[in-house]
Amino acid sequence: MTFIDEKLSPGVVLTHKLSRINWLLIALIATLCIVGALALYSVAGGSFEPWAFPQIMRILVGFVILFIVALIPLRIWFSIVVPFYVAVVGLLVLNAFIGVSAKGAQRWIDFGLINFQPSEVAKIALIMALATYYSLLPKTKVSHPVWVALPAALVLLPFLLVASQPDLGTGILIMLVGGIVMFLAGVHYLYFAVVILAVIGVVATVLLSQGTAWQILQDYQYDRINTFFDPSLDPFGAGYHIIQSKIAIGSGGLHGRGFLQGTQSQLDFLPEKHTDFVFTTLAEEFGLIWCMILLTFFVIIVLICSIAALRCKDRFGSLLVLGISSLVFLTVTTNVAMITGLIPVVGIPLPLISYGGSSMMALMFGFGLVQNVIIHAERY
Amino acid sequence: MFSMRPEINLGRRNLSRRAFVLGTAQLGALAVISSRLYYLHVTESEALADLSERNRISIRLLIPERGLIVDRNGTLLAANEKQYRILMAGAEIGDAAATLEKLSRIVPLPPENRAKLLQDISTRREHIPTVIVEEASWEQVASVSVNAPSLPGVEAVVGDRRIYPMGADLAHLVGYVGRVSSKEMNDPLSRDPLLQVPDFRVGKTGVERHLDKTLRGRAGHRRIEVNASGRVMRKLGVTGAQHGPSLQLTVDSWHQNFAAARLSGETASGVVMNVQNGDILAMVSVPSFDPNKLASKISQEEFDQLLNDERRPLFNRPTQGIYPPGSTFKMITALAALESGVVTPDEVITCTGSLEAADRLFHCWKSGGHGEVDLQTSLSQSCDVYYYELGQRVGIEKINKVARRFGIGERPQFPMPSLSSGLFPTRDWKLLQHGQQWVIGDTLNAAIGQGFVLASALQLTIMTARIATGRQVEPRLVLAQHGQRVTDEPFKPLPVADTHLDLIRAGMVSVVNQPLGTAYMSRTADESFIIAGKTGTSQVRAISSRERTSGIIRNEDLPFEKRDHALFCCYAPSHAPRYAATVIVEHGGSGSAKAAPLARDLIMWAQYGGIPPLQMYPSEVRDEVREQLLNLKLRGIPPAEPTTGRQRV
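Read top to bottom, the protein sequences are chains R and X.
Numbers 1 to 380, taken from our numbering, label the letters of the first sequence in order.
Numbers 1 to 649, taken from our numbering, label the letters of the second sequence in order.
Keep in mind that the hints were calculated from the coordinates and are not lab data.
The reader is advised that the hints may include incorrect statements.
Unchecked claim - Computed list of lysine to aspartate or glutamate pairs in EDC-like fashion (alpha-carbon distance at most 20 Å, straight line):
(1) X:Lys116 - X:Glu139
(2) X:Lys213 - R:Glu49
(3) X:Lys213 - R:Asp223
Stated by the list, open to error - Here are a few chain R residues that face chain X, going by a calculated C-beta distance under 8 Å:
(4) Val69
(5) Pro73
(6) His188
(7) Leu190
(8) Gln218
(9) Gly250
(10) Gly287
(11) Cys291
(12) Val336
(13) Thr340
(14) Leu342
(15) Ile343
(16) Pro344
Think of the CB as a built atom: it goes at the ideal place given N, C-alpha and C, for glycine as much as any other residue.
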């Protein structure tokens, strides 16, 4: 698949490969990482501890991972997709038994030195598995029910394991990414229409049954659903986050209050200000203009990926790159929608910026695969 | 897979088309979040920045009033008293240290307290205020209000303090409230924001603890806008607090007071119950303590004193204290024997003072023996040998089955925390607990309520009520909740033959009303209120054979902690039972001399609705009773009700 002859001396190969890396993409990723570290420095009240310094270490490790993943020939990655997917599902199952509980959900496995969140890697593993599947499946069979059921199962398995942690937000993200890859692979529109209608139907039935004789869930479960959709019912819990987050964004205005000047975040009004709500700090301190520039960076990343995917001759590579870029885009939009109060708080971090190791490593791994495809794939 | 396939061109066009659709959708999502950001940043910016900059939204919890607890007559058992507090709320204070400095001119604030307060203020979330002064005087409140502009965030509010008008009488039953412990605060099952309120009190023991969530009510909240100096600018919305509903208990505080006074001086528990509906009329544990002290301020010294007191005043004896029931258990052994047909009521067993089994001598309490004993005599004179024999015949499994039917070894259904289930031993239990095989001696000891058997005063009362009615009586403590009275539902009949129960009841009547009965001195002189009961004297120590030969040491000569427990359980009137009562006096000596007269007075109070009239006592004890009743330190005379039967000395 690659035009580089592997029999050449390693030094020559390496130089060739490095020359083909998309350095603009690397620069964008690095910029976003630096912005993230700055935000963490700011929310700690102008201090590298406790968040910025560990994050910088992770960024450095992340880039090492990115380059290693990018330089290993793509067919090696292709050949280990099946064991990789199985191993990740195994970790998710393991997580259900030995996972560490935090805030009422088991999302972490404690590996001694590091805590690890398998659901982050699960997203990448799922994209790889689906890309492999569709690269092997003849195009004519893509919409055949049997050949749709198999990838659907590949998506549902991690979804169910993650959603039962319970981490419904990440679960839904996994489902959406899986759906997008299947959509890109050309599965017939009708399947998606049926699934969407079915989901709407089930949700509507459950909600409409409230207070009737055939009520499906218990009263307290409806209470929780209602608070989920309308956080103002619980002003000291979920509603508190949103109220404070909106105030922070709004007080940023067009130009922001200036670096280290955000009162909402500095004065501890914001919960989770270093993880899921980190964008709020940026919005307060840098204002709308820089927020839009930040979002534009993500859009450019997605554009670079899409162009690379469409130029790539190989189906595995195309689907892989498009899947990963969709994942990044979806995560960004979900996070921003969440902190601006458009959707309920579901615990999705902002890629490359939020504090957190598992998410950072998984993303760097994903971008490594993207670069890999850019380096190795034959082009049109 | 890496080779060109014929269909790949088709696929590629398809992929481009799909990617285009996806890209369009992504653009749409981008447009939505961008416009949302624009809306918050620009359109709403002024309003939101305003909130952030000068006027901050502040959410204040509204504390619900804790539900009252009243007795069956409506007398207050737990109430709330208003008191002024001075609070300081988190984020609105500019310079907390400076404010505290100013505040210290109004109220005394020692420097060491100030550091602690400052730390509290800085670590708490905004809507949770810090209590600066718990009980402020009116003058202090007035000067805080006058100086409000220079004291940002400081507020004088009216709060509640829990008081217990009945004091020590109902300390164990009603319980008391206390500060939220860190364990309670971090309980994932209860995320009530009220628990975060620093001076909030939750039930710690008794009914206050068991029904805490009901009594607590639900927090409301008030959203207000405050300016930088902490002044309230605008009220944005209020959700009122839901006050805790009142709770009516089945106890009668006058009866309770009488029982507590009558038992005072002892280390004892007493229970009086209505056997028809299970209502607990009185349940006392002596010695007691003042719950008012524990609920508000008690010095460490005083608390340690309560904790380390040998007589354990904090311990709720009627539900937690378990003792060998001794002879009060003999009814169960007799029922088990009758039910399995190993004895007839008329069969005579000869008591020589001891019985030999498995190479050991088992002694009757009467060393000379009772001679010829039938069922009724065995109960009225409490012959041990008769029950050793019955125990041997019927076996431990059968006794266990019957005991459980009457609630021995079973956890009572009762709305109190820390209920003891007592114990009725089985072969498996002994093997598991002691790693030893069951021996016949264990059965014999269990047959007379000794050995491993343990029961609480509440359990013995339930047992007596079940014998008296033949129904599965369960105790009841809550009479009305949310203003709604609980319904009286008749108890299910017990699977026990009435003829057998009648024999046992006749035996219990003879215990109190036959001249040779062990509780003859505790009978009444009221034909319409004949007491039926059973004495029990349970051994705390083993009596050695050397002691038996040299003469058993009299109880009074023993050190206190080695003296026998005195028990008496009874019901009355015998022809149509209404009440059951149990008294257990720890190390009280003998059941007939110590416990029976106490239980008699407690159950008679229920009948006469006040101090029992002297003429209802047999003439030979009247002088003694008059002396005892006159010396009682009662809270007062219960209010007269226009019913007959309420007579007083």
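Against the structure, the hints:
1. With a CA separation close to 25 Å, the supplied pair lysine 116 of chain X and glutamate 139 of chain X exceeds the 20 Å bound.
2. Straight-line distance between C-alpha atoms of lysine 213 of chain X and glutamate 49 of chain R comes to about 41 Å, which puts the hinted pair past the 20 Å bound.
3. For a cut-off of 20 Å, the pair hint linking lysine 213 of chain X to aspartate 223 of chain R stands: about 18 Å separates their Cα positions.
4. Hint status for valine 69 of chain R: violated, given a least beta-carbon distance of 19 Å to chain X, over 8 Å.
5. Interface restraint check: proline 73 of chain R against chain X, minimum CB-CB distance 11 Å, threshold 8 Å, status violated.
6. The beta carbon of histidine 188 of chain R comes no nearer than 11 Å to any beta carbon in chain X, farther than 8 Å, and the hint placing it at the interface is violated.
7. At its closest, the beta carbon of leucine 190 of chain R sits 14 Å from a beta carbon of chain X; the interface hint therefore is violated under the 8 Å criterion.
8. The closest approach between the C-beta of glutamine 218 of chain R and any C-beta of chain X is roughly 16 Å, which is over the 8 Å cut-off, so the hint fails.
9. Checking glycine 250 of chain R against chain X by beta carbon gives a least distance of about 2 Å; that is within 8 Å, so the hint holds.
10. The restraint placing glycine 287 of chain R at the interface with chain X holds, with a minimum CB-CB distance near 7 Å, inside the 8 Å limit.
11. With a cut of 8 Å, the hint placing cysteine 291 of chain R at the interface with chain X holds, because the nearest CB-to-CB distance is about 6 Å.
12. Checking valine 336 of chain R against chain X: minimum C-beta separation of about 5 Å stays under 8 Å; hint holds.
13. Evaluation of the threonine 340 of chain R hint against chain X yields a held restraint, the C-beta minimum of about 5 Å falling below 8 Å.
14. Because the smallest distance between the Cβ of leucine 342 of chain R and any Cβ of chain X comes to about 6 Å, under 8 Å, the interface hint for this residue holds.
15. The beta carbon of isoleucine 343 of chain R is not positioned within 8 Å of any beta carbon in chain X (closest approach about 10 Å), and the interface hint is therefore violated.
16. At a threshold of 8 Å, the smallest CB-CB gap from proline 344 of chain R to chain X is about 15 Å, leaving the interface hint violated.
Going through the hint list in order, the structure does not satisfy hints 1, 2, 4, 5, 6, 7, 8, 15, 16.
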